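Novice: What follows is each chain in one-letter form.
Protein chains: 4
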Amino acid sequence: MNKIKVAVLGATGMIGQRFVQLLEDHPYFELSGLYASERSEGKMLREALKIRDHEFTEESLDMRISAMDVKEIARTSRIAFSGLPSDIAGGIESELAAAGTAVFSNAANHRMRNDVPLLIPECNPDHLDMVRSQSTFADGGFIVTNANCSTTGIAPPLKVLDDAFGLQFAVVSTYQAISGAGYPGVPSLDILGNVVPYIKNEEEKMEAELAKILGSIDGDRFAPSPVQVLVNCARVPVVDGHLESLVLRTAKDASVDDVMAAMENFRSAPQELRLPSAPVRPIIVRREADRPQPALDAFAGEPARARGMSVVAGRVRKKDNYIKMFVLSHNTLRGGAGGSVLNAELAVSRRLL
Amino acid sequence: MNKIKVAVLGATGMIGQRFVQLLEDHPYFELSGLYASERSEGKMLREALKIRDHEFTEESLDMRISAMDVKEIARTSRIAFSGLPSDIAGGIESELAAAGTAVFSNAANHRMRNDVPLLIPECNPDHLDMVRSQSTFADGGFIVTNANCSTTGIAPPLKVLDDAFGLQFAVVSTYQAISGAGYPGVPSLDILGNVVPYIKNEEEKMEAELAKILGSIDGDRFAPSPVQVLVNCARVPVVDGHLESLVLRTAKDASVDDVMAAMENFRSAPQELRLPSAPVRPIIVRREADRPQPALDAFAGEPARARGMSVVAGRVRKKDNYIKMFVLSHNTLRGGAGGSVLNAELAVSRRLL
Amino acid sequence: MNKIKVAVLGATGMIGQRFVQLLEDHPYFELSGLYASERSEGKMLREALKIRDHEFTEESLDMRISAMDVKEIARTSRIAFSGLPSDIAGGIESELAAAGTAVFSNAANHRMRNDVPLLIPECNPDHLDMVRSQSTFADGGFIVTNANCSTTGIAPPLKVLDDAFGLQFAVVSTYQAISGAGYPGVPSLDILGNVVPYIKNEEEKMEAELAKILGSIDGDRFAPSPVQVLVNCARVPVVDGHLESLVLRTAKDASVDDVMAAMENFRSAPQELRLPSAPVRPIIVRREADRPQPALDAFAGEPARARGMSVVAGRVRKKDNYIKMFVLSHNTLRGGAGGSVLNAELAVSRRLL
Amino acid sequence: MNKIKVAVLGATGMIGQRFVQLLEDHPYFELSGLYASERSEGKMLREALKIRDHEFTEESLDMRISAMDVKEIARTSRIAFSGLPSDIAGGIESELAAAGTAVFSNAANHRMRNDVPLLIPECNPDHLDMVRSQSTFADGGFIVTNANCSTTGIAPPLKVLDDAFGLQFAVVSTYQAISGAGYPGVPSLDILGNVVPYIKNEEEKMEAELAKILGSIDGDRFAPSPVQVLVNCARVPVVDGHLESLVLRTAKDASVDDVMAAMENFRSAPQELRLPSAPVRPIIVRREADRPQPALDAFAGEPARARGMSVVAGRVRKKDNYIKMFVLSHNTLRGGAGGSVLNAELAVSRRLL
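Note that the protein sequences, when read in sequence, are chains A, B, C and D.
The numbering used here puts the first residue of the first sequence at 1, with every later residue one more than the last.
The numbering used here puts the first residue of the second sequence at 1001, with every later residue one more than the last.
The numbering used here puts the first residue of the third sequence at 2001, with every later residue one more than the last.
The numbering used here puts the first residue of the fourth sequence at 3001, with every later residue one more than the last.
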């Protein structure tokens, strides 16, 4: 098939550059432009590199960054992948949708809107249909958001356990990587040899987003899940990979083996549809005493295109009637650009594009 | 008064050397000997230094380490402060008590015995009396233990909230410093830029110890507290200071202000008795958005002798009927040698010595 | 005596706050005002804290920061300690000198001027006299600069060895702490688990500054030292303390013992004058196999007011005709605010104030 | 061709496991056995994993480790790759050579022997012939060593510049990664947020080894190079990649461009012979202001099998008559197992096997 032309917004940032990485040689998509603020206009990608672990192609490195121009983007690209900062993302994304562009955004601005899917294809693929109620949809424009990076890591396990055993209650404590704050992001003087138990608005986002993702659609409205989620967030001196401590209670009794089996056997729409960025195993369960670890598990995921797209769970234990575990996910792949690309692949597969 | 002669066991380790630090120029105690395994026999303290942040006196640095000899220790010291590893602590501590020595131990071996106080003087000072039921007590020998470093940090806040509002349930996730594993302890290859969500036996210890500390004495037995505690432990690349995420539910409704006031106003036996190592404020409550932090708060505590002996709480919030907060404590001072020294000061004050 | 009123410029930065720390309860100086850019006007110091390891007095924490106003500063303060960034330091410092204020600056702007002393009181105390040739001196205004933080650490050993054995050649490689870049300074994504072998202009500064400091005064001009210095600079993930590798050749043959003795016995003007911030030992020589280390030696210096003011040398060895060693110094104390305060103390002692 | 059977000695260590990684699907070699101390006998590789960044094949993970048995190894393997610690490597390697096995060793024990090549195939491929003078050679047994990890990184640039311009003098300061000390290796308490300016015997090794590698063969003896090398070594908190600061003087004048061109155009025996592990470019020269960096450049090298096998040079500058630069190499690949595998490939190509 002819590849769909896509633009990357925020191409000088961490998430933007993860988009570029994931779009190199993508089977559905073809990169048609890189956009960022005027300050970076005319620079080549190679002059603004932020990512340590990927070797970009020469073609990517030579691409020039343009200043954001909604008309130009809408004219040349069917899709805009947005890694824009939240202070400007809201307006530009709305304008693009109005101009007929499909926007797959990593920004928080539109996440809680009633007509915008907050999409994790393994968890709530049917929420994607809500784009049809967006006023711009008739003209081809719409907005799909992915969740906050910390939300994304725990949503698949919570979804699985909710479906299997009826999730009632979850306490989450996070150990979040510095790449989650972008670049320059966290000053080294704040985090070297330290932990900072505060990330602005993060706990509120996670609590609200999980209720929407685990919720259902009632007519034309989202009905939030009644599951009670309590979150404490902290930043740790780790480059990539958000680790999260989970303590859960389910309505139905479940053994440790039941819980591990449910997570391990979980397959959902992206796997059934064989979407290019879908990991074969959405949740990998480790049985070693000391896993998952950011340094060892952040990039889990097969095939190669799904590197960093699996969630890794481990240390599943039971105490009284509670399940305890740790979960790890890559915050700028699964929890960032990779999530948005998977969202767009689902939209292609569902013929919204 | 004449100072009481004290020995330090395990003087080549982190905890042992914290004991030496705290006993320099102590108003009640006088260091009479340093003991460790035969491997270190004859070495001066200066040849085996493990602690970064204290400048030892020349007198301390020149002290020679002896091999452990129970009779010799019992003959020359009234008290033994034990920083021994658990594989040898159990037997030697029992022998010392049998030989008439008062043992204040940082090791886990005797903590859960019914006749051994698991003592945090601010939380359960009256548990100290249980030493009277030890068979060796008549001859002056007994064992008092302090709690695990991670238990110690959260016990004071939990005790305060239990007394004030009836604690029902607590979920704890830890961010533990590398000094908690002693020296050489955690290999740098395991922890640099990483988090390890596993510390052997730590969660079980914390859950059991908190039940004992928050429990009561029923005749000659400890009656464990019924409070439900669920713990997930992790190691982070921080030198000193265990941070802990807490999510709690209390029987009586309490506002954020109620909770902060209860913790801030908490004073207990060590403060009333003006014990030398007692911090003026056992719990310091920070109101900044991003505290406590290991790099900023690990050494909190006044006066100078109580440096590192305050617990620091912060980010107290309420969601639904749950209280959320973070708590920090110095793991080798408050949660290690400092705790044991404070225990011994209480014993002196209660005329057990 | 009546204390001299002093202002701190750049009070929201790392160096500015080190000035405040060192001026608390100073025997010569009394803090009369904190100044920074308009952005911080009206904030209390406590709202802009950058330093981890000092507990400021309540009085300091409550001081309000004013916007820079040269006339106001000149009217209320005899001395201005400048921790301003170099893009604005040059002009403001010149204006202050013109207004009759004595400026002790940490900024690079005026360092290489022929009439401005680049002063390290142990190395070149007589250079201070050059202020007399500044056009503003008659009215009481003048500028004295301290050296770059990396220059400052190695200048005392190089000076000692030059005087004793005739220094010909020095190769320096630096391991510089992140606090040297101020706050927010180095992004954590750049330095966590990494080394960055580049600090803008640093090598050029060090090579030029050492020639001036080790040089002599020839009439009314500085005659730079002919010693050949070659520098490679790198940033490492350390909070405080610049470590530097030195390989030297001297004209006169010197044994390792000669070199260590010369450095250890070095005393200079600040020690003879018993200046308050002068360390008893300007250079401490360690004989252990593995010192100096930032974590252990950055804060070396006695008495208490001179904490972080000693340079620590170690691993002195000889190979062929070259001397090899490592040197460590605290980059924001000895190499920053502490150096400037010591400069001002020398000026007081020499009756320039 | 039939693949050559090879054993890995020290299979529980970092270097041993790098050997396993590099031998998976190798075109010349086939893994026939893993060996380590008796303590690990019977364990599967997966139970003793030390390496973070490689996903081993299931076949490798399931291989069982045997206790070292010289006869058994000699019987089943033509080559032994040795990652043994130096306290046992010397004897076992000699016994293996006597038993007719070709030993390619990473250990220091035999490096300075007159009949043992200290081989870096790009630098001194002809030294390999010296194995013919080993007494065991007639029966097929011989020993080839690779150099210390820090030596290996700088040897190629020094060799190039020596050949092109006559190297006279080099001062080296190292920034060495923790993986160089093996596992458990460096305790985290020693290195987190710190630099340790001492690595036992490392400076002596580097100075001696460089003289041998850059030297020539005079009849049946090595004639060491007269180039003067002075080294200061330090450990930094970096996982992989030794960075080294170089200051050099050459006999012939060379511009920065000359130096960069000479290094960039360097090709040697492994490239000409197209050995499987040979990097296309032995020395990559970066022109950015701030490269090479361990986090960005440690794994440089193409094709895929040569990942981590290129040396990366950068910041080439000239001051007076000296050349300054930084050089980076992967210490357990190029400077460890990868170097030994390349040595063995050269031996195959030269028909010594």
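These aren't lab readings, by the way, just hints derived from the structure by calculation.
Since the structure is predicted, the reported quantities are computational estimates derived from the model, not experimental observations.
A hint or two may mislead.
What follows is a list of derived Cβ distance ranges for each label pair [unchecked claim]:
| id | chain 1 | residue 1 | chain 2 | residue 2 | range |
| --- | --- | --- | --- | --- | --- |
| 1 | D | S3216 | C | R2267 | 25 to 35 Å |
| 2 | A | R46 | D | R3052 | 23 to 33 Å |
| 3 | B | P1224 | C | S2037 | 52 to 62 Å |
Looking from chain A toward chain B, a few residues come up when the C-beta cut is under 8 Å (computed) [to be verified]:
| id | residue |
| --- | --- |
| 4 | F137 |
| 5 | P197 |
| 6 | Y198 |
| 7 | N201 |
| 8 | V227 |
| 9 | V238 |
| 10 | V239 |
| 11 | A289 |
We treat Cβ as the ideally placed atom computed from N, Cα and C, and that holds for glycine.
Novice: Each hint needs a verdict: does it hold in this structure or not?
Specialist: Hint check results:
1. D/S3216 with C/R2267: 25 to 35 Å: The hint (25 to 35 Å, Cβ to Cβ) is violated, given that D/S3216 and C/R2267 are roughly 51 Å apart.
2. A/R46 with D/R3052: 23 to 33 Å: For A/R46 and D/R3052 the Cβ distance comes to about 28 Å; the hint holds.
3. B/P1224 with C/S2037: 52 to 62 Å: holds (58 Å)
4. F137: violated (36 Å)
5. P197: It holds, given that the least Cβ distance between A/P197 and chain B is near 4 Å, below 8 Å.
6. Y198: holds (4 Å)
7. N201: violated (11 Å)
8. V227: violated (12 Å)
9. V238: At 6 Å from the nearest chain B Cβ, A/V238 passes the 8 Å test, so the hint holds.
10. V239: holds (6 Å)
11. A289: A/A289 check passes; min Cβ-Cβ to chain B is 5 Å, inside 8 Å.
Hints 1, 4, 7, 8 from the list above are not met by this structure, while the remaining hints are.
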